Amino acid sequence: MTQVRDEWFRPSDNSADEKEAVVRPSLSYWKDAWRRLKQNKLAMLGLIFLALLAVMAIFGPIFSPHSVTTQDLPNQNQPPSATHWFGTDEAGRDVFTRTWYGARISLFVGLMAALIDFVIGIVYGGIAGYKGGKTDGIMMRIIEILYGLPYLLVVILLLVVMGPSLWTIILALTITGWVGMARIVRGQVLQVKNYEFVTASKSFGAKTPRIIRKNLIPNSMGPIIVQMTLTVPSAIFAEAFLSFLGLGIQAPFASWGVMANDALPVIITGDWWRLFFPALFISLTMFAFNVLGDGLQDALDPKMRK
Amino acid sequence: MGKYIFKRFLMMLVTIFIIATLTFFLMHAVPGSPLESDRNTNETVQANLERFYKLDQPLHIQYLSYMQSIVTFDFGPSIKDPNRTVNELLARGFPISFELGIITILVAVVSGIILGTMAALRHNKMIDYAAMAFAVIGISIPNFVLATVLIQQLAVNWNLFPPATWTSPMHMVLPVLALATGPMAIIARLTRSSMLEVLTQDYIKMARAKGIKPMRIVLRHALRNALMPVVTIMGTLLAGILTGTFVIEKIFAIPGMGKYFVDSINNRDYPVIMGTTVFYSAFLIFMLFLVDIVYGILDPRIKLHKKEGDV
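For the protein sequence lines, the chains are A and B, in the order given. Each residue of the first sequence is one higher than the one before, counting from 1 in full-length UniProt numbering. Each residue of the second sequence is one higher than the one before, counting from 1 in full-length UniProt numbering.
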């Protein structure tokens, strides 16, 4: 007969749980994606450029001794010099300062458009993909019709009616722009919702909003992020394009598109800096977003994992 | 196939109807009348003008007559320039814009496919890197920037091409170049990536094993399948080229439809805005319809699916 000992009834040693803890840092999906993105030199170059641009957009106008809007008529159309690094425009305003100010507006338009597209697209595409059946059929029919509408023509019409301003441009860009995002979200959700862990979640009694939030969206994030990265340059391009048609941000403030448009009459006379700097930054920004989007596409695709 | 085309056709009519309705109500949502101007017109003249443009009628009557004008293709006179009808403007501008658009598409598609295929065949070699560097740059530079640089360098500085207007083939080089570079870059990238994928497929190995000449494998076996994604995005590219013609025509002073469209926007000339918008949209939507049908013909899976559905 064994003796009942006291130590048998002591609370169990919890250290067993700690032993089971993963010792090596777990390589989660996001960490792995970041690791692969870091190896892509071009994408990192784009990322660094965009970070620098964001810093300059925020602090550039503050540090510059020149104001964005103050006119200095005796010094109009001056070439780049020690005082005016990027030269001056037809009203003697400093192009250097205006370029960073333009970066604010262009980046703001691009990021806002991407963000609003993202929110609407997630909700609409998420519901359509998750509900499926008749709901999906009707919602997709609506999308098909909206998708057939000529995007920039609708934007132009809306701006003619609403009058060009920062917010009307963003509104006009997003009013039909979310459609592409909604299609991608729906496609992803359709794919992910049939995975076992979603069924498991359902069998535990998780409600629809929770499943969408916790299971579907995190697992379909890859293509969605890529789409967002590519929405930003296309919105920046659209804004510049609209400025070119005279439907951009109104003077005295300026986006890059407005600055490039204002420079057109003087380009023939050889005042190259007026067009060069805004055009350079439009192109570099679109380039940076494009290579970053490409890099993210490869990094976030689990199939590309080595 | 017939059912598929019919369904697409109905869809096209609905889309055109929606854009026409949208255009009408947006234009009428603007406060004030398009006839208001700085000039002092007396009330009788004003009333007569309103009657002439049917602006004195209730909204639903105006809407019906507007729809009628679309169906009969008669958009009435311009407001800013009453001696001209919208139809005249369309008839004068459209052939030029169409020419610019068609040449651009041909240049973009042909050179894009050649560039993309060459890059894929020399994967990770100099040609590949050069072609892709060119493609990324082509995508990043907006067409209006490219247009201005081309004028500045090739026309003004080096005097190689005329800087503006649309009168001879030499005049067409710069606008087409400015407009085609972006779509060409997109097509080149797309062709390259899908070509790379197709070239690893078993049936290509099979064709090689059979001893078919490499050139023939690329042209007959690989390219055909590799071009499917290109057909898919043709609709988007067409829309891009079409709207691109607005700024290109403005920069190069080409008297196409884009010029009237941009002018009408700046003048708030509503009949011209409505007429050109509806015309542009209908044209674009019709092109998308054609692209869809071509895709349906090229992609055997769509046909297969329909046959299964029919049985």
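I should point out that these hints are in silico values taken from the structure, not numbers from a laboratory. Where hints are given, some of them may not hold.
To give a feel for the contact side, a few chain A residues facing chain B, derived at Cβ under 10 Å [unchecked claim]:
| id | residue |
| --- | --- |
| 1 | Tyr147 |
| 2 | Pro150 |
| 3 | Asn261 |
Which stretches of chain A does chain B cover? Using the computed rule of at least three CB atoms under 8 Å from a CB of chain B, they are [said to hold, decoys possible]:
| id | region |
| --- | --- |
| 4 | 106 to 116 |
| 5 | 154 to 164 |
| 6 | 213 to 222 |
| 7 | 240 to 248 |
These figures come from a predicted structure and were not determined experimentally. Heads up, the beta-carbon is just placed ideally off N, CA and C, and yes, glycines get one too.
Verification of the supplied hints:
The criterion of a C-beta within 10 Å of any C-beta in chain B is met by Tyr147 (chain A), whose closest approach is roughly 9 Å, and the hint holds. The beta carbon of Pro150 (chain A) comes within 5 Å of a beta carbon in chain B, closer than 10 Å, and the hint placing it at the interface holds. The beta carbon of Asn261 (chain A) comes within 8 Å of a beta carbon in chain B, closer than 10 Å, and the hint placing it at the interface holds. Taking a C-beta to C-beta cut-off of 8 Å, the region 106 to 116 of chain A contributes 0 residues in contact with chain B, too few for the three needed, and the coverage statement is violated.
As drawn, the region 154 to 164 of chain A meets chain B at 6 residues by the rule of a beta-carbon pair under 8 Å; at three or more, the given contact holds. Check result for the region 213 to 222 of chain A against chain B: violated, 0 residues qualifying (beta carbon to beta carbon below 8 Å, three or more required). Coverage of the region 240 to 248 of chain A by chain B holds [criterion: at least 3 residues with CB-CB distance below 8 Å; count 6].
Checked against the numbered hints above, the structure breaks hints 4 and 6 and satisfies the rest.
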